[in-house]
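Participant: Make a model of the complete structure from these sequences and hints.
Residue numbers (the working numbering), protein chains in the order written: chain A, 1 to 371; chain B, 1 to 371.
Honestly, I wouldn't trust all of these hints.
[Unchecked claim] Calculated lysine-lysine pairs in the DSS-like style (CA-CA distance at most 27 Å, straight line):
no.	chain 1	residue 1	chain 2	residue 2
1	B	K40	A	K312
2	B	K243	B	K9
3	B	K312	B	K347
4	A	K225	A	K19
5	B	K225	B	K368
6	A	K291	B	K120
7	A	K296	B	K120
8	A	K324	B	K40
9	A	K291	B	K291
10	A	K368	A	K347
11	A	K291	B	K40
12	B	K296	B	K324
13	A	K287	A	K362
14	B	K291	A	K73
15	B	K73	A	K312
16	B	K296	A	K120
17	A	K101	A	K40
18	B	K120	A	K324
19	B	K243	A	K120
20	A	K120	B	K120
21	A	K368	A	K356
22	A	K101	B	K324
23	B	K73	A	K40
24	A	K324	B	K73
25	B	K312	A	K324
26	B	K101	A	K73
27	B	K312	A	K40
28	B	K9	A	K40
29	A	K296	B	K73
30	B	K368	B	K312
31	B	K324	A	K73
32	A	K225	A	K238
33	B	K40	A	K296
34	B	K312	B	K324
35	A	K40	B	K40
36	A	K73	B	K312
37	B	K324	A	K324
38	A	K40	B	K291
Treat the hints as calculated values from the structure; they're not laboratory data.
What you are looking at is a predicted structure, and each value in this text was computed from that prediction instead of being measured.
2 protein chains.
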Amino acid sequence: MIQFELEAKDHNSRAGILKTQHGTIHTPVFMPVGTLGTVKALTPEEVHELGAEIILGNTYHLHLRPGDELVRKLGGLHHFMNWDGPILTDSGGFQIFSLAKLLKLDQSGVVIRSHIDGSKITLTPEISIAIQQNLGSTIMMCLDQCLELPATRQEIERSIALTTKWAQRSKDASSQGSGVSGKQALFGIVQGGGELNLREQSLEQMVNIGFDGYAIGGLSVGETKEEMYSVVHHIAVKMPVQKPRYLMGVGDPEDLLEGIEAGIDMFDCVMPTRNARNGSLFTSHGKISIKQNQYKEDPDPLDPDCACSTCKNYSRAYLRHLFKTNEILGMRLNTYHNLFFYISLVKQARNAIKEKCFPNFKKTFLLKYRS
Amino acid sequence: MIQFELEAKDHNSRAGILKTQHGTIHTPVFMPVGTLGTVKALTPEEVHELGAEIILGNTYHLHLRPGDELVRKLGGLHHFMNWDGPILTDSGGFQIFSLAKLLKLDQSGVVIRSHIDGSKITLTPEISIAIQQNLGSTIMMCLDQCLELPATRQEIERSIALTTKWAQRSKDASSQGSGVSGKQALFGIVQGGGELNLREQSLEQMVNIGFDGYAIGGLSVGETKEEMYSVVHHIAVKMPVQKPRYLMGVGDPEDLLEGIEAGIDMFDCVMPTRNARNGSLFTSHGKISIKQNQYKEDPDPLDPDCACSTCKNYSRAYLRHLFKTNEILGMRLNTYHNLFFYISLVKQARNAIKEKCFPNFKKTFLLKYRS
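Facilitator: Following this line, the structure appears as structure tokens:
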């Protein structure tokens, strides 16, 4: 199914190798988000070329459009979207609490209203697994309850109890049905808000059930960066050493380095792709907004220190022109660059871990990034 | 500047070679439209890969955004957009009469209102040439007056008289200023609506002035296909044999073959790119609308007889999904396919001319296309 090996350690940071039936992943790894069966604006060939070794698909979105049964009929998500590398699918848990309108929540699951056509959708741990089996992802996630922060201690306690029950049911369901492309791995999700001892409790319960990997969920949902970092640093080192650790939905370049420092192996975030389409671009000297007037006649590349094809072939003035005229090529070139920036950053971090100089790498990067 | 040689003839159809300082063009040729300094949705690398040997840029659009002086400062349109092949720029004449609001028209030129911000823009033959010199295109076009059809004989007579005067002034202007990337070729435009003897008169006046190539303008502007074909067949064979003949803004696949049969060498049209973005796709069996329900679960390629990467890698069901969810990748894959279809069609026509079997090629293509 999947096999994880640690290759190197530097303080709490880890470099590992995750083998799956769809290919090998070198961790730490950043997973571009392919919400609807496409990493927005790019072809799978380009995603490969960027060095991405795994992408993420969204169960909730794909269940709605085009429908997971349709995807299964057409050979599964890999075949449907022409991506032969590993795919991780989320459980729909995050979208339930962020995008859809919640109509009913009880022990069995949730009833929500689709954000597309208002239709009613029932989602249970079993249904989420069945959808992910239809999609045929490499790694599935358990349905969890993700709270908006701040939340009371009692709310958090209730949510981890429910998340644990759903996790057991997810595991049971996953051992029954089968994916369109063979045996799928399953990760459990640690909840617990900003309460460190509740995080520990949730982790313990997940480990008792036993999963192929463990994720930290429920962060980047309204808390401060300090709170998020404190949870990640506290809980990551307590997660099983021999399993991959995944920090869900996080974050900006600084968050990635902080997570890697804490011992996280996997990340996903819409930030590089979504920001790109809005003209917000990452460079080694920090973020820039390409629409600004100062770039109007600027013949320089977006980031002179970047080796991506956008930076090699196009000027800031051209990228600004494409953005201002709403040209599709602008979204493509921006997306390509931002993903290159993210993926390169994590690859460089991996090398630094192997060379036992991650703390220094992080410091040097941030000094320049914040300049 | 440019050099044109005929390589083969089959009845009135011609296969030629047009040498320019930016590269060699094999005619008949289809020129993808890159309105704002980008063939919408594609990179220049992809446009090359598709086999396009020359693209078109729009003087009016580029004058407005990002501005031709900015483009000149940044090294000209080739450098700005990272396309090193030949570029033909139109004169702005067509947009004056189709897109902008005309405020004033006299012998000197026109004053129009920008369709972007309502500002007043003066366009004269000299200004159009100066803009095209700033852009540094390979081939420039003379400013002409393009009438909407039907028009009275008197209106048409006045328009060809004005177009001839403007053509002489365009030629004079072109010999004075100079392009950002060296000496540019200049084509004259034959007007005359549907009146065959006025077309002849316009052509004669253009030939007397003397240009590097001649275009047929003012078609595909409201007349029937029969009228258009009758003008093209009548006038193309009367155009100078040793110069390239360009049919402006035309058309669908049937129009291209009709034009080639009449002896046309160059074509441009937004149809393949614009239709692609609207989900209207060309196949060897005719046009299809990918959004239709019948393609929902269709695992087949868009056109099983097509060798393009869209058809090799993706199903109709996937293309429909991308279109329905408004994904950028859908517009990319559709554009790639439609341009491949157009460019391949014209290349096949060229081969047929060289093999002296163009009439048969046309018949066979149309039989399948209309089936």
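Participant: If a hint holds in the structure, say so; if it doesn't, say that too.
Facilitator: Evaluated hints:
1. B/K40 - A/K312: Holds: B/K40 and A/K312 sit about 20 Å apart, inside 27 Å.
2. B/K243 - B/K9: Holds. B/K243 to B/K9 sits at ~14 Å (cutoff 27 Å).
3. B/K312 - B/K347: Holds, because 20 Å separates the two Cα atoms, which is no more than 27 Å.
4. A/K225 - A/K19: violated, 32 Å
5. B/K225 - B/K368: Status holds; Cα separation ~20 Å.
6. A/K291 - B/K120: Holds, at roughly 25 Å.
7. A/K296 - B/K120: It holds: about 22 Å lies between the C-alpha atoms, which stays within 27 Å.
8. A/K324 - B/K40: It holds: about 14 Å lies between the C-alpha atoms, which stays within 27 Å.
9. A/K291 - B/K291: At roughly 33 Å apart (the allowed maximum being 27 Å), B/K291 and A/K291 break the hint.
10. A/K368 - A/K347: holds, 18 Å
11. A/K291 - B/K40: Holds, because 19 Å separates the two Cα atoms, which is no more than 27 Å.
12. B/K296 - B/K324: holds, 10 Å
13. A/K287 - A/K362: Within the cut-off at roughly 17 Å; holds.
14. B/K291 - A/K73: holds, 19 Å
15. B/K73 - A/K312: holds, 19 Å
16. B/K296 - A/K120: Status holds; Cα separation ~22 Å.
17. A/K101 - A/K40: holds, 25 Å
18. B/K120 - A/K324: Holds - the C-alpha atoms of A/K324 and B/K120 are around 20 Å apart, at most 27 Å.
19. B/K243 - A/K120: violated, 66 Å
20. A/K120 - B/K120: violated, 53 Å
21. A/K368 - A/K356: Holds, at roughly 21 Å.
22. A/K101 - B/K324: holds, 22 Å
23. B/K73 - A/K40: violated, 33 Å
24. A/K324 - B/K73: The given pair, whose Cα atoms are some 19 Å apart, holds under the 27 Å limit.
25. B/K312 - A/K324: violated, 34 Å
26. B/K101 - A/K73: This hinted pair is violated, its Cα atoms lying about 52 Å apart.
27. B/K312 - A/K40: Given pair B/K312, A/K40 holds - Cα atoms ~20 Å apart, limit 27 Å.
28. B/K9 - A/K40: violated, 47 Å
29. A/K296 - B/K73: Given pair A/K296, B/K73 holds - Cα atoms ~11 Å apart, limit 27 Å.
30. B/K368 - B/K312: holds, 21 Å
31. B/K324 - A/K73: holds, 19 Å
32. A/K225 - A/K238: Status holds; Cα separation ~20 Å.
33. B/K40 - A/K296: holds, 21 Å
34. B/K312 - B/K324: Status holds; Cα separation ~21 Å.
35. A/K40 - B/K40: Holds, at roughly 16 Å.
36. A/K73 - B/K312: holds, 19 Å
37. B/K324 - A/K324: holds, 25 Å
38. A/K40 - B/K291: Distance ~19 Å between A/K40 and B/K291 Cα, so the pair holds.
In the structure shown, a violation is registered for the earlier hints numbered 4, 9, 19, 20, 23, 25, 26 and 28, in ascending order.
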